[in-house]
Amino acid sequence: MIWDVELLSRIQFAFTIMFHYIFPPFSIGLGLLLVIYESLYLITKKKIYEKITRFWIKIFAANFSVGVASGIVMEFEFGTNWSTYSRFVGDIFGSPLAAEGIFAFFLESGFLAILLFGWNRVKPGMHLFATIMVALGSMLSGFWIVVANSWQQTPVAYEIVVDYGIRRAVITDFWEMVFNPSAMVRFTHVILGAWIQGAFLVMSVSAYYLIKKKHVDFAQKSFAIALGLAAIASLAQPLVGHEHAKVVSEWQPAKLAAFEGLYETQTNAPLYLIGWTDPETRKTTGIAIPGMLSFLVHGDFEGEVKGLEEFPEEDWPAVNGVFQSYHLMVALGMVFIGATLLSLFLLWRKKLFSPNWSWLMKLYIPAVALPVIANQLGWLSAERGRQPWIVQGLLRTSEGVSKSISGPEVLISLVLFILVYILLFFVWLYVLDREIKHGPDHLSSGVEAGFHKKSERMDIIKPH
Amino acid sequence: MDFNVVWYILVGVLLIGYAILDGFDLGVGILHLRSKGDHNRRILMNAIGPVWDGNEVWLITAGGALFAAFPNVYATAFSSFYLPFMMLLIALIFRAVSIEFRSKEANPRWRGFWDKGFSIGSIVATLLFGIAIGNVVMGFPIGGDMEYQGNFFDLLNPYSLMAGFFALTMFALHGGIYLNMKTEGALQKRIQGWIKVNYWIFVVFYLIFSGLTLYLKPEMIANFSFGKIDLPGNKHELVENHQTLISVFAWSIVLLNVLAIANIPRMLSKGREGWAFISSASMIAAIVMLFALGIFPNLMVSNLDPSFNLDIYNAASSGYTLKTMAVLAAFGLPFVASYTIIIYWTYRGKVKLDESSY
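Sequence lines, in order, name chains X and S. Per this note's numbering, the very first residue in the first sequence carries number 1; after that it's consecutive. Per this note's numbering, the very first residue in the second sequence carries number 1001; after that it's consecutive.
Read the hints as simulated data drawn from the structure, not as lab findings. It cannot be assumed that every hint is accurate.
With a straight-line Cα cutoff of 30 Å, these simulated BS3-like cross-link-like pairs (lysine-lysine) come out [what the hints assert, rightly or not]:
hint, chain 1, residue 1, chain 2, residue 2
1, S, 1350, X, 403
2, S, 1350, X, 123
3, S, 1116, X, 437
4, X, 246, X, 47
5, X, 306, X, 246
6, X, 221, X, 351
7, X, 246, X, 350
8, S, 1352, X, 47
9, S, 1036, X, 45
10, X, 246, X, 45
11, X, 221, X, 246
12, S, 1352, X, 46
13, X, 45, X, 213
14, X, 403, X, 46
15, S, 1036, S, 1270
16, S, 1189, X, 437
17, S, 1036, S, 1189
18, X, 212, X, 306
19, S, 1116, X, 123
20, S, 1323, S, 1189
21, S, 1350, S, 1196
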């Protein structure tokens, strides 16, 4: 088993993409907040917003670089580990990937240069424009990659041909392929998840300063705006989730059945809040709202929802794993709604930052991990729910793996990635921790010279 | 219009863009450990600071374009190059995060670690690119099912290793010429000293490498021969009908290449830093084009049977996709060009360290 190319490649892909997917949601969420903070600076001309913008740019930079570095891996893994899949879908999957390069990455990386290094070099309006372009680029990049992935989930606008002895899918209508049935709803879902994750990072760091009674004005303003974004995104998420469920029920009924642990086709299908599926007895036990699933899918409590029994067992995803990751994700979504609504209410009553509520602030510090976990669980549910298909209904994962690679090769690369990523992860945490402990002050032009600035000045004077 | 040829050119343009742009920042990485002292090393790193990330996007986009336009080449190349590609990815990761993390601590051991990460990452990546090109010239053991039949050690033949070292000398020279534009004073003097030495090492490698290519793979010159030399296997109609055009173009690239190489020391001695860089960029563009012309219309050559070659027809996506993507690229590339120019214009001139520097 240890030399099984398919299994090792799946583990490697899951590991590398889940590591990578820690970072882009931060970039997307933080990118939007940077646009808001910097716009406030240009509108109000208040120094505090300059401080806020410049501090979060530093955090953004450290996050962005790890995201880019780990992202290159994803693109090439399709060719290295999944080359048979790549031959099958190259016509279709490659196009959004190329579009991502042309329309998103160049935009993002080009204006990143101005965002990171341009503060004293370009006019403020130009800098804001660059910030907007970077934020836009990161969302466009999300759009194209979700388009590519969504086609795997809900393939349309293709035909199967055999060229030079190789079976493959070719596009019949490009825009129909791009706006495939699940693309827009999944994109919205991903972006909202990213906004929540970025906002929670800002709230976590701000809460830390408030508890430490440092940079209080800075932290309160940062927090309040991020809270607004987190609340809007958290509230919108169930609406999108509802639309999403309808698409899944139509296109990937086995996946929906696994999400809900539904073995038998039924009307008045229940929606589990928490539960356990038993593969032996084929029963799901737990706390459920009767009829709610039917209502979510059909808008009718009596609507019929297909159970797993409708499909051959070799086409079932791993039911309990998918069930649990999906339910945990939904539960976390509820936590975000509850926490942000309570905080908004307290903010309105001007109590949020008062000592009585400092326990809530303390909770916000570790809470940054929750959206990260929720986004990872969402990815796990979506991708494991699609198994055993790599392209729903068209190509099995076992048929997509490269033919010319060997188990030991994949094992070597997997071990290498694990070692390098563990190192990177801890360095990233360390660097973030340092930036956060430095705080925003060392960036304000000439007010206080922090550790960084002093050492930089010495560098410039020191002759070598 | 033959969109297969259009995509051969477009992927070529992306790879040339990558070789020129990431070429100089890889070159800066290769030279990095030769510079001494924290201040100098910061200057070197900040010389590429705002642009290295954008430069790497050329590789990512070339990869995406290859996937979209020639999926069979994408699939065969990356799965046959499995371990070298994994090493390349790890080298690129290290290099990228080293640049970002180095400045976060003043501790010399911390900075020393990331200095080494940056430099070794750049050296390994460049070597592997060279080895990849070397293998493309030598041919792969590709079977009739388009799958690689060889093993890891087949990729490490002497010619390909030589190609790896050739790439190192080329990017080290190019990076030095870039740094010459971005530095001043004593540091610039030292860099000019490196360039003088690197230039002659490069010329020696260039001559040996060209000779070796012609000796081992005389068929690389078929497209330069006005149809006088025949490649084994069936010739494609397209090449058959345009032999004169292809050969005239090929020889003009040879001329461009020689002139560009000769122009480098001339411009350096006149102190025209920008023109020296343009010469070195033209030299790299010409060298990439010479390789492309050598194998055209193939993308990967099989050394088992010429009919197993992957060319711009049997490896390509459908005509509809090639056409649609070409329209999208035509729409997108002017934007790419315009903000690339804006960024390089914004950061023109000598490197000045300030509070946003690395």
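Cross-check of the supplied hints:
| no. | hint | in the structure |
| --- | --- | --- |
| 1 | S/1350 with X/403 | violated, 51 Å |
| 2 | S/1350 with X/123 | holds, 20 Å |
| 3 | S/1116 with X/437 | holds, 27 Å |
| 4 | X/246 with X/47 | violated, 48 Å |
| 5 | X/306 with X/246 | holds, 12 Å |
| 6 | X/221 with X/351 | holds, 14 Å |
| 7 | X/246 with X/350 | violated, 40 Å |
| 8 | S/1352 with X/47 | holds, 25 Å |
| 9 | S/1036 with X/45 | violated, 43 Å |
| 10 | X/246 with X/45 | violated, 47 Å |
| 11 | X/221 with X/246 | violated, 39 Å |
| 12 | S/1352 with X/46 | holds, 28 Å |
| 13 | X/45 with X/213 | holds, 25 Å |
| 14 | X/403 with X/46 | violated, 61 Å |
| 15 | S/1036 with S/1270 | holds, 27 Å |
| 16 | S/1189 with X/437 | violated, 40 Å |
| 17 | S/1036 with S/1189 | holds, 14 Å |
| 18 | X/212 with X/306 | violated, 53 Å |
| 19 | S/1116 with X/123 | violated, 36 Å |
| 20 | S/1323 with S/1189 | violated, 51 Å |
| 21 | S/1350 with S/1196 | holds, 21 Å |
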